[in-house]
Structure formats: structure tokens, C-alpha cells
Amino acid sequence: MRRFLRNKNFTLGFALSAAVVLMAVVSLVWTPYDGNRMNARERLQGPSWAHPLGTDQYGRDTLSRVMTGAVNSIIVGLVTVAIGLTIGVGLGLLAAYRGGMTDEAVMRLSDLLFGFPAVLTAILITSILGPSMVNAMLAIGIFYIPVFARLTRAVARVVWEREYITAARACGIGEWAITRRHVLPNILSPLLIQGTIQFAVAILAEAGLSYLGLGTQPPHASWGRMLNEAQTYMSANPWLAIFPGLAIAWAVLGFNLLGDGLRDTLDPRMVRMR
Amino acid sequence: MLRYLAKKLITLVALLFFVSITVFAVLFVLPGDPAQIILGINATPEALAALRADLGLDKSFWGQYREWVGNLLAGRSHHSIHYKMPVFDLIVDSLAVTGPMALMAMGFAVLISLPLGIYAARNQNRHGDVTVMFFTQLGLATPEFWFGILLILLLSVQLGWFSAGGFPGWAADPIGAFKALLLPAFALGVIRAAILTRLTRSSMLEVLREDYVRTARAKGLRERSVIYVHALRNALIPVLTIMGLQLGQLLAGAIIIENVYFLPGLGRLVFNAIGQRDLPVVRDIVLFMAAAVVVVNFVIDVAYAYVDPRIKIN
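Taken in sequence, the protein lines are chains S and H. Per the working numbering, the first sequence starts with residue 1, numbered consecutively. Per the working numbering, the second sequence starts with residue 1, numbered consecutively.
Check before you lean on any hint, since a few could be wrong.
Simulated restraints, written as ranges between beta carbons of each label pair [unchecked claim]:
1) S/Val158 / H/Tyr212: 27 to 35 Å
2) H/Phe262 / S/Gly46: 20 to 28 Å
3) S/Ala15 / H/Leu5: 28 to 36 Å
4) H/Ala218 / S/Val158: 34 to 42 Å
5) H/Phe262 / S/Arg43: 19 to 27 Å
Simulated from the structure, these hints should not be mistaken for laboratory data. Note that the Cβ used here is the ideal one computed from N, Cα and C, for glycine as well.
Chain S extracted, bound-state conformation (with noise of 0.2 Å):
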């Protein structure tokens, strides 16, 4: 643990992914105002004490807007990589141990996807499905797929090679049970590094997706959603520009953070070359 202390990116970056977290969580519970809740006489409104960071043009409190879309953002994260980890690490093991046609199938299935303009394709998602939230996380969580299983396949296939893995071989433990028992344990690090960058990246592409009226749908709080919406009204108050998009940066820089201080911390070896 002094090991991650003792890093300033992993303790920048848990102390500011940790404040979202919080947020959220508190937001469950309380919020100053109900978010959803309009007001036509405090329409559009700066920032003052009864609304710390103003009001939006129904008169709704930004403040309690912005925790609710730290609820949105996260479960978006971590739906996206459960997906993209739960998929991609399956078929990058297959890939590693089967070898031969198996890997290329799964190589060229990745290179296919990467292929694709990601947002574009994800925009497509979206409108065969219906714009929604779920269905955002479906377009992203897809992306992940090859990055999961490209990362696994590299990494696995380094394990493998080990004498341990002979020696297990050696000893008649199935691959399978070897897959398991050796190999997943051995490449769990890479794996929570790459699943916490994803995670930010998840948060971005959401709040695009918002942006565009294909991510989570009104009368719910996202924060990319509350800037699209604040571009009409910015010239009346333009801290409704300000306050949801400093969120995602504040987000985002958490979770880059914490990955590149789990990477620091977990594979020196990175260190050298940063």
C-alpha cells in the first residue's frame, strides 16, 4: 500500500476519482434540490448560495443535475468494461492457448472492429437500437471487445510460455484448469490497468454520445446532455457550459491518473519510458 502512496499520480488520481465516486453516492441519497425539479422563476440563474453552481433555463439546480450525472457516468464505466472485459478476456484466452486458426479468427475479428469509425459506428448503434442510455453502453462496450482481447491474447500468451505453465502441463492440470488457475491470476494487473483507462474513456465517449442526444435521454441528468443543452443558453448564463464539462475533465483526469499510477506501481518497467 506505501508502494501506491507513494506514487503522485495514484494518490492525485484516487483522491479525485474517489470525490466523483462519493458524489455519486451521496446523490443517491441527497442532493440540495430534486434535478429533475422545475422552476421557471429561478430560470437560468449564476451561481449563488442557494444554488452553488446556478440553475439551467427550467429553473433546475446544476449542482443536483451534475451529482446525478456522476451516477449516470460511472455505471456507464462500468458497464461498458464489464462488457468489453468479460468478452474480450474470453476470447483473448482462447486465442492464446488455442493458437493457429483460433487466434487469426479472433485477430481479424479485433481488426475488423478497429476497422470502424468508432463513433460513427457507435452513433449507428444507437439509432438501429433507440437512443438510450443501456444502448449507449452497448455501442461503447462493443469497442472494448478487441481491446480486451488483444491485451489478454498479448499478455497470455507471455504467461504460457513460463516453465510453471510446463510444469503444470507436465503434471496432466488441463488447459482449461490452467487457463484458470495460472493464467487469468497472472494477467489480472495489466488487465485493472487497461479496465481503468477504458473506464475514463467510457465516460468521454458517453458524455459524446449525450451530446448528441443518443446517450442518456431527458428528463435524466448526463453530463454531456447538460452541455448540449447549455450551447443555446450560454450567452444568457454561460456557467452552464462550464460547471458539466469541468465534471467529465475532473472525472476523466481521475481515472487516467489512477490507471497510469496503477501502471507506475504495478509494472515498473513502464516508469523508464514516461
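With the hints as your guide, set chain H onto chain S.
Frame of chain S; chain H shown alone:
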């Protein structure tokens, strides 16, 4: 080299084939009948059937796919359902916005990232390096569309130096058109510069530890000559790779920033076409964008192998 090239070319063609099949299949299942959208909800079944036949929508999946690819290979442009003009012309018109914007964005990215990356590498772990790295982290965390909105807020709404969006057209107002692309290109460029700065720095650090750099210094060459003549040329190889990838992605993925600035580019065209169920436009542009990414990757692979012969052996 020829064998390597042939192998890469076969992969490229196969990849494009699979991309075309996937694009077609995805759009085949897209809900919403284009004939119904064109004729409206009061259209008679006969009129709908006639229009479907006219648009070729009554054919089977493979029939429609063969016709689509056949037309593309023969150089015949499809017609947009919504704009009633050849899709090829629409792509050329939008590329006149997206293309220069992507190039300008890369220009900004290079202008910012190369000096900063070299500076950070030369001052590794000192205050200057830490500051540059902190700003690159900020750049990586900032959504480019938010940065675009902030630029509008500051330079358009508050200072009135730029228009808040729109594009006057190159022919009507060349200076106005250039100015209209400056802010979105800057927003795209700054965010990409964050990645390139980090890459330039790490690549320079790696090269500066090489023996030939030590030899160059031992020969008594000036530091400037060591950095810019010997080290930078080799350090730039991975940076150029990522630049190529970024350019391909910019041509394909500037959808959000084009929406922020209301620019009639490729991204906005396809975004609107998806909403209008203008399938010929969506199909051709998605394939064009995918092809742009795949072809740029191919060119990079080949150029990389040309520059670094070890790649062919591997």
C-alpha cells in the same frame, strides 16, 4: 518488400470487403422504411411498393448488396433520397469542409506537440517537464466538444472575434470560411496535441539513450545538432504513425465537433442522413470513412516498413 506489400494489400482488400458486408448488414436491419419516410404516412400501399421497387428495396439482401458494390466498383454514384443528388457530389462538398479542418487540426497538433515534447524530454523530471505533462493530462481528460464550446463562449460570445458556428462556403467568402474552421480545428488539434506531446517525449527519451546519440555528443557536435538532426529524425517514426492514425480518425470522427460548430462536413452529413434514413448516403459515407481509416493504416504500415526494415523481417 514486394511480398510484404502483397500480403498487406490482400489484408486491406479482405478487410474492406468485410467492412462493406458489415456496413450493409447493419443498415439493412435499420428500422424505418425509407419509402415511407419519403412519401409520408398517408402514402398508398401501391405508391410505397412502386417507390421501393424504384429504390431497389424490394430485392433480397444479396441482390441489394451486389447492386451497391457493383455500382461502387463501376464508379457509378448512388443518389441521395433526401438531397436528390449523387452521393459522390455530397461527399466531395462535405470533404471541402472536413478535409481542410482535419489538416488544420493536425497542423495545430504538430505545432504544439513537437516543441513541447522535445522540451519535456530534454528536461526530464524537472519543473518544465512536470508542467508539460500535467497539461497533457488535462488535454487527455478534456472532451474536445466541451473545449470547442468553451472557445465559442470566450472568443465568439464574450469577445466577438469569431462567429459561433456555420460555414459561409469557400467560393462565397474564402477568408470567412477559413475563420469558420479555425476554432473547431484548434479544438481538435489541442486535444490531439496532448497525445502527440507525450508520445514525442517518450520517443525522444528512448532515442536519447541510444549509443549513436552518445557517439554524436562524444564527437563534439552541438547539442542542437544532436537533438534535431540525429535524435529527432528517429524519434519521429512512432509519432508519424500516430499522426497518420489521427488524420484518418479526424476524417471519420469529427461528427461531434461539426455538430458543435454547425459545419456542413462529412460527419454532420452522415449524422443527419442516419436520422433521415437516407440509406445510400449513410452506406457510402460509412464505407468511405472506414476505407479512409483502413487505407491510412495500410499506408502507415508500408511507410513504416520502408523506414524501418526490421518490420519486414518480423
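- Broken hints, by number: As far as the earlier hints go, only 3 is violated by this structure.
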